[in-house]
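Novice: Okay, here's what each chain looks like letter by letter:
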Amino acid sequence: MLVSLNWLKDYIDVSDYTPEELAEIITKTGIEVESVEPVAEAAQGVVVGYVKSCEQHPNADKLSLCQVDVGEETLQIVCGAPNIAQGQKVAVATPGAVLPGNFKIKKTKLRGEASNGMICSLQELGVNEKEVPEEYKEGIFVFPDDVEAGEDAISLLNLDDKIIELGLTPNRSDALSMAGVAYEVAAAIDGSYTLAEENVKESEEAASDYISVNVEDEKANPYYGAFVIKDIEVRPAPLWMRNRLTAAGIRPINNVVDITNYVLLEYGQPLHAFDYDRFGTKTIVTRRANDGEVITTLDDQERTLTQDHLVITNGEEAHAIAGVMGGAKSEVQDDTTTLILEAAYFAPSIVRQSSKDHGLRSESSTRFEKGVDPNRVERAGKRACELLQKYANGTVLGDVVSFDELDRSEKQVTIETSLINKRLGTDISHEEIGQILRRLQFTFVQDGEAFHISVPTRRGDIERFEDMLEEVARIYGYDNLPFTLPAGANQAGGLSLNQQLKRKMKTYFEGAGLNETITYSLTKEPWAKMLVSPEVQREAASPVGLAMPMSEEHSHLRLSILPELLQSLSYNVARKQNDLAYYEIGTVFISDEEKVRTQPKEVLRASGALTGEWLAHPWQQEKKMVDFFVVKGIVEGLSEQLDISFTYEKSRLPQMHPGRTAIIKAGDKEVGFIGQVHPKLQKEFGLKETYVFDLNAEELMEQYTKEEAFQAIPRYPSVSRDIALVVDEDVAAGAIAETISEAGAPLVKDVRVFDLYQGEHLEDGKKSLAFNLLYLDPMRTLKDQEVEEAHNHILQSVKDQHAAELRS
Amino acid sequence: MKERLEQLKQEALQKVEQAENVQGLKDVRVEYLGKKGPITEVLRGMGKLSKEERPVIGQLANDVREQIAEAIETKQTRLEDEALEKQLEEESIDVTLPGRPVQVGGPHLLTSIVEEIEDLFIGMGFEIKEGPEVETDYYNFEALNLPKGHPARDMQDSFYITEELLLRTHTSPVQARTMGQKDGSEVVKMICPGKVYRRDTDDATHSHQFTQLEGLLVDKDVRMSDLKGVLNAFAKQMFGDDRDIRLRPSFFPFTEPSVEMDISCKVCGGEGCSVCKQTGWIEILGGGMVHPNVLEMAGYDPKEYSGFAFGMGPERIAMLKYGVDDIRNFYTNDARFLKQYHKA
Ligand SMILES: [Zn+2]
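Chains G and V, in that order, are what the protein sequence lines are. Take the first sequence: its letters are residues 1 to 808, numbered as in full-length UniProt numbering. Take the second sequence: its letters are residues 1 to 344, numbered as in full-length UniProt numbering.
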């Protein structure tokens, strides 16, 4: 809502405050002021001048020589505007005047003739080019006749005004009117304001002889008032009214339309004027539209209606969509002489539906949608009649013709001083609360410490104690509330075990060199199905999709973090950042329903994607590209951090490199996978070799056990033995290590691969694997012979199970 | 013999002095202290001496031996030190060459902000609660005083999956769920951070996915001044002791009274500048006293229980605190952006 400060001053004395101070007070008591802007850059010394004569400049074709009466004197001024003419009243910057841009006006000579001032265009007075009416764009501004020479032109043009922009919350629709703002400001500054009585002189003739009103759906339209005004002269509205409309962001059209808009701004009540002679009948019928009914609205659009919309008809055809827009047929035109002026209450829901269905959000519909003040509907009609009488020469016929089932009762709310203070943490006196209610102009009856309040209908947002609590608090001032801390029993706050574990995992990944990312949960459908861990794939029917996605890019919920993670890598690689190590812990959405009806299961997963150089240390000739084992090392480190052992089973997974991918198990549960992205998919993302891992973080948290038995540092020495085995090249090192562990139990405590060799001195198809074995008995020193026996047993076992020969 | 020994000592010490390396010293040792050396020879000739003279000369010979040995020892240590020093000099490196890089990762800026806020409220006795991102219409709206048909829940604003399921538009359903799990008498003191989703076209200031962090306290006789006190403590810790807060009236369907909280502008100190749009204040969060309808729906009697709730956007806080000017930066994961804020 744009509030003209000059207009507001008509209603309430705010002279004690600068506009900025006033804005601050309004903001702090309840309505946020978004800005305070002057209408135009300040100009000084500009007055109305009467052009007594206007002749051709003797030495210049395109200049005029004017004698201009500026009140106290007559000035000779040379003017170059094409539209200057004798008899006009114009804006004159007299010598000494200052125009926007600090342009000082001096006496001068132009082509040999004295020029003592300047006749101004609106642009020269600081009016924004786009707000200048078409007829004055190429020349000077011409005042209407009713102004006097010597009057302050800046003030007449309202160029000294400031506009306060209010950011209204949906509950404060009462401030969608100047009257509402005046009530609010009066409460805020403890000033006084009441909406003045309307003053209409009605003629002898009865409106009911001209029109009747019929309402079919009284729930949707509980009040419909029709005023009839004759002898209308359609012409431009007075300058001040046009200025105020412009200031509020409404383009002036003609006096009739401008007056309805003016009252809409003043009272917050939308009105509509029909041309009586073009209306067609003497009967107004408001009803639900028929499905498929068509109306051409004021904007010349043909609109098809349904039963969800309310229309104003002449009993035969629709002439307006109620509360939203009038019809083209009965539009007020220059030759209009008789008006039907509609002042009605349309239910918020039906107007909302119409404006939504037709994509028409207007000054009018927004107000109806939020609910207008039932006690101001008819008064607004009268106010418009008053102005039509005054500024359009109208004759208002006797009495409004109306249908009236409107509830105008005031809501009753009771508050108690003690409860107010208990809820606010304050110590406001009973008297002060009474004073606050008086400032708000809420009438009340006192009963002990209770106030029984009648809430004015303009404040439809107030229904119960808590609403009044807010009213009292905001006028008392939020600044005046004390700072306290909750008095209740103190509980120890903290993180749950899983929240701690999530942080632990993050800290681990970051220490291991990965950067955390946050990607979108909504992804494109193909990506929602891509790189999904097999255990998730088995559980999920298909990815959960949105009913109405905004774009294909974000249409489905992810089943894997990896595709969007690869997208992040791709984004960076495209920007020449090639060495990347990313991880993310986030939710994936698993539904086992083909057509989703219940909430999907949300599972936290920890995923990573790495590409490029892992280590680059060129001057010492060290360089390591990310490979499977870099990423596996990171995953193994996590398993160590959480003390959960993982096993890796080589697997073929879609979109993954068939020879470089493994499923990861924790215990006998599959928890994810690791491997190289399939080169084809890498290429699609514009990536070189890229490795990923994807783990079920929630399952890991589940398996994590916090209480670990204390393990004593061994007191006895361990024995280290190496063995080198020759096996077929497709025998997995992990399988041999497992055999060694099993065969060497309980003495073998650790088995590590320390060498892998293939090539010269070995048969084709064979490889040599060297293991380091650690023998230990925590309770005693081992004898050589025991170790020897165990070692031989191990050798036999690997020979039996893997055809492994000791390398000679 | 005395003179002979004295002479040998002088000779030997001079040769020690002249020795240029360890080998030279070795030669001196062999020459004078060896089994065939002159001192041994002198000792051998002691038989010729009287009984009285023998121990005197013997003693003297030993002294000479020791002095020579000591001189050799001292010289040797000096030579070795010099040799070591020379060797170390040769081993000298250019310490300005770069070290072997260690991969260091770090958290996302939003995570840093969220965890910082979490820790602040944990310190004030709050728990952290989480909830589903795909919510039911009931918990996302109805339980929060946004019945069907309420203008604030226009289809435009949310991503629906079915008529009853949608991506949560705020983290408030976690509050409704947590309250609902209590039996209408337990204290609720929680914050809930998480991802939320709205039907917005991504641009510099809008993102269809963003982060929210909300807090809730429900107890007997929670006061609005408590909200002010808690938020003040939060703001001072988060933004600095020199920042002031103010509350302004506002509107949210799930709180009444509702507030918006501003903190004083850091750039101008409250004087007014372009950052704070000349107001001296910057909007940080919204909140208020829990609406009685919300309490009732969760099983709390609003006559006995009251509460406050507040909510903020970590993106906005990050943007204010670190001058991030485009919300999309949080989700494109540009490595240069991510790394810039690791110390945040
Ligand atoms: Zn500032």
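Honestly, I wouldn't trust all of these hints.
Unchecked claim - Covered stretches of chain V, as calculated for chain G (at least 3 residues, CB under 8 Å):
| no. | segment |
| --- | --- |
| 1 | 96-103 |
| 2 | 112-123 |
Stated by the list, open to error - Within a straight-line C-alpha distance of at most 25 Å, the following computed BS3-like cross-link-like pairs (lysine-lysine) qualify:
| no. | chain 1 | residue 1 | chain 2 | residue 2 |
| --- | --- | --- | --- | --- |
| 3 | G | Lys504 | V | Lys266 |
| 4 | G | Lys356 | V | Lys35 |
| 5 | G | Lys601 | V | Lys195 |
To be clear, the hints were calculated from the coordinates, so they are not data collected in a lab. Just so it is clear, the structure is predicted and the values come from calculations on it, not from any experiment. Backbone N, C-alpha and C fix where the C-beta goes; we use that ideal spot for every residue, glycine too.
Novice: Now, for every hint given, state plainly whether the structure supports it.
Specialist: To see whether the hints hold, each was checked on the structure:
1. 96-103: Holds, because 6 residues of the segment 96-103 of chain V bring their Cβ atoms closer than 8 Å to Cβ atoms of chain G.
2. 112-123: Contact hint for the segment 112-123 of chain V vs chain G: holds, 5 residues under 8 Å.
3. G:Lys504 with V:Lys266: 34 Å, violated
4. G:Lys356 with V:Lys35: Status violated; Cα separation ~120 Å.
5. G:Lys601 with V:Lys195: 16 Å, holds
Of the numbered hints stated above, those contradicted by the structure are hints 3 and 4, listed in ascending order.
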